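Those sequence lines, one after another, are chains A and B.
Every number in the working numbering is 57 more than the matching position in the first sequence, counting from 1.
Every number in the working numbering is 84 more than the matching position in the second sequence, counting from 1.
Errors might be hidden in some of the hints.
Just the calculated beta-carbon pair ranges, DEER-fashion [as the list claims (entries may be wrong)]: (1) B:Pro253 / A:Asp287: 54 to 60 Å; (2) B:Glu254 / A:Gly190: 22 to 28 Å; (3) B:Trp160 / A:Asp180: 30 to 36 Å; (4) A:Asp184 / B:Pro253: 48 to 54 Å; (5) A:Asp63 / B:Leu343: 41 to 47 Å; (6) B:Tyr270 / A:Asp300: 50 to 56 Å; (7) A:Ala277 / B:Glu254: 51 to 57 Å; (8) A:Ala174 / B:Pro117: 51 to 57 Å; (9) A:Arg278 / B:Ala242: 39 to 45 Å.
Below, in silico cross-link-like pairs of lysine-lysine (DSBU-like), each with a Cα-Cα straight-line distance of 35 Å or less [said to hold, decoys possible]: (10) A:Lys79 / B:Lys306; (11) A:Lys284 / A:Lys79; (12) A:Lys284 / A:Lys316; (13) B:Lys266 / A:Lys95; (14) B:Lys144 / A:Lys79.
Residues of chain A placed beyond 10 Å of chain B at every Cβ, according to the derived structure [said to hold, decoys possible]: (15) Arg77; (16) Ser117; (17) Ala139; (18) Asn169; (19) Leu198; (20) Pro199; (21) Leu202; (22) Leu224; (23) Leu308.
In short, the hints are calculated from the structure, not lab data.
All figures in this text were calculated on a predicted structure; none of them were measured in a lab.
Ideal Cβ placement from N, Cα and C applies to all residues, glycine included.
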Amino acid sequence: MTQPNDTAAISFAGVSKWFRPKGQLVHALSQVSLDVSKSEFVSLIGPSGCGKSTMLRLTSGLLEPDWGTLMVEGGSPSEARARKHFGFIPQHPALLPWRTVRANVSLLCDINHQPEAEVMSADDQLDMLESIGLGPFVDALPSELSGGMMQRVSIARVFALRAPLLLADEPFSALDELTRVEMRYLLLSLWERSGSTVLFVTHSIPEAVVLSDRAVVLAARPGRITKVIDVPLPRPRDESIEDTEEYREILREVRSALKEGWSH
Amino acid sequence: MADATSPDSIPVVEVPPEIRRQTFRHAVFMVAPFAGLAAFFLFWEFYVRISGIRPLTLPKPSSVLIHVVENPAFYWHHATVTVQEAWWGFWMAFVLAVLVATGMAHSKLVERAATPIIVLMQSMPVAILVPIFLLWFGFSSWPKILTALLFAWIPFVANALTGLRAIDPETHELLKSVNASKWEIYWRLRVPHSLPYLFSAGRICIGLALVGAVVGEFFNSKDGLGNTARVAQSRLLVDQLWGSVFVLAFIGVTFVLVLIAVEHRVLRWHSSQTVV
């Protein structure tokens, strides 16, 4: 049996997961093995139902593997969660409508207070909001913001936590294309300053290539890894990277890997 | 020629008259409830005057109002008794409903155990319990308070349960990702989320608590607007009977308006406070 790598930030070793919705057994993940190094940005890309989101929930300890071993920072996912080592960016901004922008950003810092957790101070949170263009809106309610601004608050909220591990579940899927591109580079700039490890679920090939150090391609029924593609594009990255031949080459490679997984 | 995207190229247009007229429409919108109420009473007044209907069947609203204004101490005394009973019944119903809904929202077992009792109380005419309360508590305020409680608590419990339970699953997962305790999820997510539901129930329960208190007073009491109405009915004191109704309606409307004002302040974040 595959052994987990306890020096990796996240290590899946032969992990399998089944669900039983309405009595029908669904094999969500089959024998998944993957090591994610510290400060690495890894994207999980694949069709619907390939187990991308299940991998995130297993990593954060919200689900337990039925088979295999999963280690986070050399321990169990639940231990990492108890220490507030996860920052989660959900698909929708999931802002609390009764809290102002400032209060939403500090929300995760206030919960499950850990004296050793190095969360961002209130002043630093304000500086961050200022730097991402939300300065004039710190006392606004979510209902007063646009979709893109709400997602910016959601990203700021996770970086305020200063968690060493970030998990993102298709955070830009509900945005229009222009806002989506803007958010992609905003996330990139904040992540490059933070040095955290990221597991990023996406359906978008350009998103996976622009953001990641590695793109993990998955196939469905059962969910499994079909290919892991290195993205050796130089960092820091900006929009000009999308004009390079190297970028387009990796894009083609990811696309053909996805098609291959689809046809099998 | 100015660049198509430069500020100079943006045409300045006058505010359309339709938008100007919106201010006037807003003013009309604000006055409409009072105008509706005034029209209702004027119609009633003229109908009684013109039709020649007997005052015993339907008195003029003006004569009822004059009767209330001429007997302020009498109505004040009885109204304070009814309001106190309804007030305590309302708040006890609120606390009990929130406690029960909290248990039900957190445990399927509690929900399964409590549901038959709630359905039983919902489908039973609560007024039938008043004689039993009189046997238990005598002629104190308790039978009336308990009746008000039983009338008011079902809408509270149904709405509190929906509000506490129907939270956004993604937000729930977000809080769990930092290992939030059940208590933190309750205070930071479930309780604020249930507030619009509780305010909505509160509007209904104000009326129900007053009805409960009055029904309790019908059975046996020396004071309260239920008693004044019962005595007036037996002695054919039409102005007093209708006066009790008017004062009771006034109390109900006043409390609902106060609640709406509080709701407007507390729930400024909620879509229910946006006029579309």
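Going through the hints against the structure:
1. Range check, B:Pro253 to A:Asp287: about 35 Å between beta-carbon atoms, so the 54 to 60 Å window is missed.
2. Distance hint check for B:Glu254 and A:Gly190: the Cβ-Cβ separation is about 24 Å, which falls inside the suggested range of 22 to 28 Å.
3. Distance hint for B:Trp160 and A:Asp180: a CB-CB separation of about 56 Å, inconsistent with the stated range 30 to 36 Å.
4. For A:Asp184 and B:Pro253, the Cβ-Cβ distance of about 32 Å falls outside the hinted range of 48 to 54 Å, so the restraint is violated.
5. A hinted range of 41 to 47 Å is violated for the C-beta pair A:Asp63 and B:Leu343, which are about 58 Å apart.
6. Taken as a hint, the range 50 to 56 Å holds for the pair B:Tyr270 and A:Asp300, whose Cβ atoms sit roughly 51 Å apart.
7. Roughly 22 Å separates the CB atoms of A:Ala277 and B:Glu254, a value that falls outside the hinted 51 to 57 Å.
8. Separated by about 53 Å at the C-beta atoms, A:Ala174 and B:Pro117 satisfy the suggested range of 51 to 57 Å.
9. Roughly 42 Å separates the CB atoms of A:Arg278 and B:Ala242, a value that falls within the hinted 39 to 45 Å.
10. Taken as a hint, the A:Lys79 and B:Lys306 pair is broken in the structure, with Cα atoms around 60 Å apart against an allowance of 35 Å.
11. At roughly 32 Å between alpha-carbon atoms, A:Lys284 and A:Lys79 fall within 35 Å of each other, so this suggested pair holds.
12. Between A:Lys284 and A:Lys316, the direct Cα distance comes to roughly 11 Å. Compliance with the 35 Å bound is thereby established for this hinted pair.
13. At roughly 31 Å between alpha-carbon atoms, B:Lys266 and A:Lys95 fall within 35 Å of each other, so this suggested pair holds.
14. For the hint linking B:Lys144 to A:Lys79, the alpha-carbon distance of about 65 Å lies beyond 35 Å, and the restraint is violated.
15. Residue-level check passed: A:Arg77 sits 18 Å from the nearest beta carbon of chain B, beyond 10 Å.
16. Not every C-beta of chain B lies more than 10 Å from that of A:Ser117, the closest at about 5 Å, which undercuts listing it as non-interface.
17. A:Ala139, annotated as away from the interface, has a beta carbon of chain B within 10 Å; the closest lies near 5 Å.
18. A cut-off of 10 Å between C-beta atoms contradicts the statement that A:Asn169 is not in contact with chain B; the least separation is 5 Å.
19. Not every CB of chain B lies more than 10 Å from the CB of A:Leu198, the least distance being 5 Å, so the non-interface label is violated.
20. At the 10 Å boundary, the C-beta of A:Pro199 falls inside the reach of chain B, the nearest C-beta of that chain being 8 Å off.
21. No beta-carbon of chain B is positioned within 10 Å of the beta-carbon of A:Leu202; the least distance is around 12 Å.
22. Not every CB of chain B lies more than 10 Å from the CB of A:Leu224, the least distance being 7 Å, so the non-interface label is violated.
23. No Cβ of chain B comes within 10 Å of the Cβ of A:Leu308; the nearest lies about 30 Å off, and the non-interface call holds.
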